[in-house]
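Residue strings, one per chain:
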Amino acid sequence: MGLPPLGPVPTLAELAVGRPGTILSVAAAAGLTQRLSALGLSPGRNVQVLRRAWWSGPLHVRVGMTELMLRRSDAARIAIEPCESGV
Amino acid sequence: MSPATASDPASESAPARLETEGRPADGRQRVALLGMPNTGKSTFFTRLTGAHAQIGNWPGLTVDLMQAQLELGGQPALVVDLPGLYDLRGYSEDELLVRGFLESTRLDLVLVILNASQIDRQLQLVLQARSLGLPVLVLLNMADEARRFGLTIDHGALSRELGLPVLPISAKYGTGCAEARAAIEARLSCDTPPGRCLDPARFLLDDLALDAALAPLLAAAVRLPERLKDRTTRRLDAVLLQPLLGLPLFFLAMFLMFQGIYALGVPLQLGLAHGLERVGTELIRPLLAGLPPFLGGFLMDGLYQGIGTVAAFLPVIFLFFLAMGLVEDSGYLSRAAFLMDGLMERLGLDGRSFVLSLMGFGCNVPALLGTRVMRSSGLRLLSMLVIPFSLCSARLNVFLFMSAALFAPRQGATVIFSLYLLSFVAMIVTAALFKGSFSSDEPLVLELPPYRFPTFRQMLNRAWCEVRHFWFWSRRFIILGVVAIWLMNNLPMGVAPASAGTLSGMLGQALQPLLAPIGINPKLTVALLFGFIAKEIVLGGLAVIYTQADPLRLGQALAQDLDWAQAYSFMIFTLLYTPCLSTVAVMRSESKNGRFTAFAVLWSLLLAWVSSFVFYQAVLWFRG
Ligand SMILES: Nc1nc2c(ncn2[C@@H]2O[C@H](COP(=O)(O)OP(=O)(O)O)[C@@H](O)[C@H]2O)c(=O)[nH]1
Ligand SMILES: [Mg+2]
Numbered sequence: 298m299g300l301p302p303l304g305p306v307p308t309l310a311e312l313a314v315g316r317p318g319t320i321l322s323v324a325a326a327a328g329l330t331q332r333l334s335a336l337g338l339s340p341g342r343n344v345q346v347l348r349r350a351w352w353s354g355p356l357h358v359r360v361g362m363t364e365l366m367l368r369r370s371d372a373a374r375i376a377i378e379p380c381e382s383g384v
Numbered sequence: 003m004s005p006a007t008a009s010d011p012a013s014e015s016a017p018a019r020l021e022t023e024g025r026p027a028d029g030r031q032r033v034a035l036l037g038m039p040n041t042g043k044s045t046f047f048t049r050l051t052g053a054h055a056q057i058g059n060w061p062g063l064t065v066d067l068m069q070a071q072l073e074l075g076g077q078p079a080l081v082v083d084l085p086g087l088y089d090l091r092g093y094s095e096d097e098l099l100v101r102g103f104l105e106s107t108r109l110d111l112v113l114v115i116l117n118a119s120q121i122d123r124q125l126q127l128v129l130q131a132r133s134l135g136l137p138v139l140v141l142l143n144m145a146d147e148a149r150r151f152g153l154t155i156d157h158g159a160l161s162r163e164l165g166l167p168v169l170p171i172s173a174k175y176g177t178g179c180a181e182a183r184a185a186i187e188a189r190l191s192c193d194t195p196p197g198r199c200l201d202p203a204r205f206l207l208d209d210l211a212l213d214a215a216l217a218p219l220l221a222a223a224v225r226l227p228e229r230l231k232d233r234t235t236r237r238l239d240a241v242l243l244q245p246l247l248g249l250p251l252f253f254l255a256m257f258l259m260f261q262g263i264y265a266l267g268v269p270l271q272l273g274l275a276h277g278l279e280r281v282g283t284e285l286i287r288p289l290l291a292g293l294p295p296f297l298g299g300f301l302m303d304g305l306y307q308g309i310g311t312v313a314a315f316l317p318v319i320f321l322f323f324l325a326m327g328l329v330e331d332s333g334y335l336s337r338a339a340f341l342m343d344g345l346m347e348r349l350g351l352d353g354r355s356f357v358l359s360l361m362g363f364g365c366n367v368p369a370l371l372g373t374r375v376m377r378s379s380g381l382r383l384l385s386m387l388v389i390p391f392s393l394c395s396a397r398l399n400v401f402l403f404m405s406a407a408l409f410a411p412r413q414g415a416t417v418i419f420s421l422y423l424l425s426f427v428a429m430i431v432t433a434a435l436f437k438g439s440f441s442s443d444e445p446l447v448l449e450l451p452p453y454r455f456p457t458f459r460q461m462l463n464r465a466w467c468e469v470r471h472f473w474f475w476s477r478r479f480i481i482l483g484v485v486a487i488w489l490m491n492n493l494p495m496g497v498a499p500a501s502a503g504t505l506s507g508m509l510g511q512a513l514q515p516l517l518a519p520i521g522i523n524p525k526l527t528v529a530l531l532f533g534f535i536a537k538e539i540v541l542g543g544l545a546v547i548y549t550q551a552d553p554l555r556l557g558q559a560l561a562q563d564l565d566w567a568q569a570y571s572f573m574i575f576t577l578l579y580t581p582c583l584s585t586v587a588v589m590r591s592e593s594k595n596g597r598f599t600a601f602a603v604l605w606s607l608l609l610a611w612v613s614s615f616v617f618y619q620a621v622l623w624f625r626g
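Heads up: the protein sequence lines correspond to chains A and B, in order.
Just add 297 to the spot in the first sequence (first one is 1) and you have the working numbering.
Just add 2 to the spot in the second sequence (first one is 1) and you have the working numbering.
Simulated from the structure, these hints should not be mistaken for laboratory data.
Please note that a few of the clues may not be correct.
Said to hold, decoys possible - According to the in silico footprint, chain B covers these stretches of chain A (three or more CB under 8 Å from chain B):
| no. | segment |
| --- | --- |
| 1 | 327-336 |
| 2 | 340-351 |
| 3 | 355-366 |
Bear in mind the structure is a predicted one, so any value in this text is a computation, not a measurement.
Yeah, the Cβ is synthetic: ideal placement off N, Cα and C, and Gly gets one too.
Bound-form chain A, shown alone:
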């Protein structure tokens, strides 16, 4: 929404299924940033992609005690630092 997607930084959209990562920044419009943060997706938090839906549908992610779905295009606005060791 308004803002261009993030450049070459790894984003949540590309995070491998099962591999944890830490959120670096969220580059979305104010409304979406606020909603994401209320659901737990804010800088510093750990996330994990549980699965991707068929036909490039949404991602199923876990952050803290919450599980949620979000579209790949929105996930591409969340910059991630993948953790070195898989769990």
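Add chain B with the ligands to chain A, keeping to what the hints say.
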């Protein structure tokens, strides 16, 4: 940027100014339930207030809120269930509404309800409410789940750190609810003046301040498990959200559900209708014997028959909502949104549109109202355009009846299922055709709650409320419609009822050039015309038109008058054209766009006619 993030950090130490006036003139204390979506506010509301909830109208708010009056600690109190919201600083419709409510209403107590197993992020809302200076009591709901998932919460420490009372409850099972009620009464009896919050946006904390306040609280009172111990949900999701299996399983589940409703509901409906008919002939007809034939006929063949035919369907509706409530409460609906979003996105819709359409299978009106969660007007309008194709319970009545009358029992269920499929096809075609005119780039972020199984009591309660709602809502339409149909069938006086000389006969004849090519005869035409008001009228109307109240005999009369192709064509038309006047009214008020509403009505009529035409002419052609 929201103005709240620019608020001055000193606001934490100096709570917002509360306007404190005397009690409202009626002397009632006011209590509001505040919380994020899906935390169990409504469940607790029902526990606290019993079944006395009504829809309340609040000055300055456009939306109705659920409220209930009850005695708390010997004093009258009014409890309001607010819509769920994520953030008091937010700008979604619900968030604006709740903020508006807090600004305009003096409250004696705000119950902030959290989902305890998500306390790590939901405490934010408590901090926000506290910074507004509202009189807050914190209820940590779903204590059962929190324990099962491996969280430990030290309520005493949390309460001390927050400076607010904190109580664990389980609204669903009732644990801790008596203690919560006692605490609420204790708070209400200490005579602090009620407050309302002026200009809340100024006093809300920004993200940094929130995070800073949150961390020590969590450290002091909460131990989160290493990983969520919800094995059931993880295992179920592995199957139900499996990329290849997920969708077929979902549709299989829906198919089985409708088969079950059909198998149980139809015998119940026939039995009840037969009973009502016996009551009519043996008790009511003798009572009316003294009246003039026109009036007696009006009361018996018009009113009683029409209403009875519809009332007989209440068991089916009850079963439908029982099953729907189970699916909804279990968390499977948000999984459906996950599974379908890929397809929906390509149709210009999103997973929520799909879920709303599923809810539309109950009734289109709440489903249309549900589009409020969407902010992009393109997405909202496109969703509103497709939702009315959902085969609602009122249309289901007609279809159950017609398929039982004109098809063998084994075929009946397939006929119904084919109509459900057609309902989906109509939505997909409509969305694909018009997505270009209603574009949207709205993001979609939805919670996927753990699987839950509603208690039997919850399911019964829910289904009962829905049936009552259906009956109250449709009764007036049915009565008016049935009366009008009976009059049209019997006026002008002197001609044979329901003959070509009556008003309805003439009207049906006049529309034959348009409707004969789709197999609709003059009698069905009248039923369709009144079905525009509400589909609940169609069956009652047919009973009046064919002067048969006993469903068995009405079925026989239909079977004599129509062949299966005509009946199916009638069902296609009934499925696709405007569901009822209420949906038109809601569409108009929600879209605030008369042209859009007119377009939606015309499109559905056109699609209905073309589909019936193609079907009926194809059958005629095959027959040679
Ligand atoms: N396990 C559990 N589930 C609950 C509890 N309270 C509510 N629920 C479930 O949580 C879901 C959401 O409840 P609801 O009252 O509609 O939430 P609202 O959106 O806040 O009004 C429903 O499926 C409830 O059955 C509880 O104490 N324990
Ligand atoms: Mg609710």
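Status of the hints after comparison with the structure:
no. : hint    : in the structure
1   : 327-336 : holds (count 9)
2   : 340-351 : holds (count 5)
3   : 355-366 : holds (count 9)
Of the numbered hints listed earlier, not one is contradicted by the structure.
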